[in-house]
Amino acid sequence: MAAPGRPLRDGLDRILRANRGALVVVGDGPGVLSICSGGFLLDAEFSPQRLSELAKMDGAIILAADASRIARANVHLMPKATIPTSETGTRHRTAERVARMIDVPVLSVSAAMSVIAVYRNDLKHTVQPIGWLHDRTDQALATMQRFRTRFDVALSGLSILEVEDTVSVGDVVGVVQAAEMVLRIGEEVEGYLVELGEDGRLVGLQSAELVDGVARALHLVVRDYCGRAPTKSAQRLSLANQVVDQLAHLTSDELRDAERVAEVLGLIGTFDHAESGVEPRGYRLLYRLPRFSDAIIERIVDRFINLQQIMRASLSELEQVEGVGQARAHSVKDGLARLAEASIIERYQ
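In short: position in the sequence shown from 1, add 113, done, that's my numbering.
By construction, these hints were calculated from the structure, which means they are not laboratory data.
Mixed in with the good hints there might be a few duds.
Stated by the list, open to error - Straight-line Cα separation of at most 27 Å, DSSO-like style, residue types lysine-lysine; simulated pairs:
{"hint": "1", "residue 1": "237", "residue 2": "169"}
{"hint": "2", "residue 1": "237", "residue 2": "345"}
{"hint": "3", "residue 1": "193", "residue 2": "169"}
{"hint": "4", "residue 1": "237", "residue 2": "193"}
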């Protein structure tokens, strides 16, 4: 509603540029009207120019719930004085009390501090300047690009090591750390996009492209290497979801700590030496094969336990897995062979 490009934001910016303050309530229901005193009924179509002109008066401005019309102007608001507030200025104190008393957004424009604050219930959000938002998104995108490059390189390297059966705990942790950083920066950019509104369309496209496929790859890496996976496939999937959630809740310092990440993955016992070998179950590479359902992949992993066993399995052994059959057995052998060949070629290029 107050994002750049919206009429309400245009009006608020006009008020700031004129070095004036304002108190704007978005909602004209019975609850709001019950605390209004004085002022005058306007009921006019909203425009940024009108909002700016009405802000010359001392009273609050009451808008319709969708901010399409200006209902009243120069209103004196009388929320309960017993409602607690952490603000100091009169306008901000009133805004916070109204927002806590009635479930409507209240905007307070401070001329002295050149700040727009939005209150809703117990929440307060300071609307950042457009230039600041663009600077932050540019920095975030540049950082995300670096981590995405690091992630792509690490994941490609992991594929090569998996084929050669030389994966170490440190290799897995490096992929997980890079993936989680990309996702975290992506979430940060999403917050900026909300504030940028229509101005953030191109930024959103860039961010979506950088994040694309990372969450899926991270989940499959966790399923491949989670060190305490149970026997049943449904339980393994549930555990992988839990581990991904735990990774998302690590602090920044914890995420940078390779040993802590290994602990979350259940690999802490092998992290005494970061080069300790670990074996993938084969989920990630199997999911790269076309026309294989989740159920069939689970049965293959259940039968052969790890990727190397799957790659060494004969056609007859693969055909014995329920749902595989002769055609899919050939697809597994040929598909994994092609992936192995591509990985080896990439390694020596």
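- Query: Among all the numbered hints in the text so far, which are the ones the structure does not match?
  - Reply: Number 2 only.
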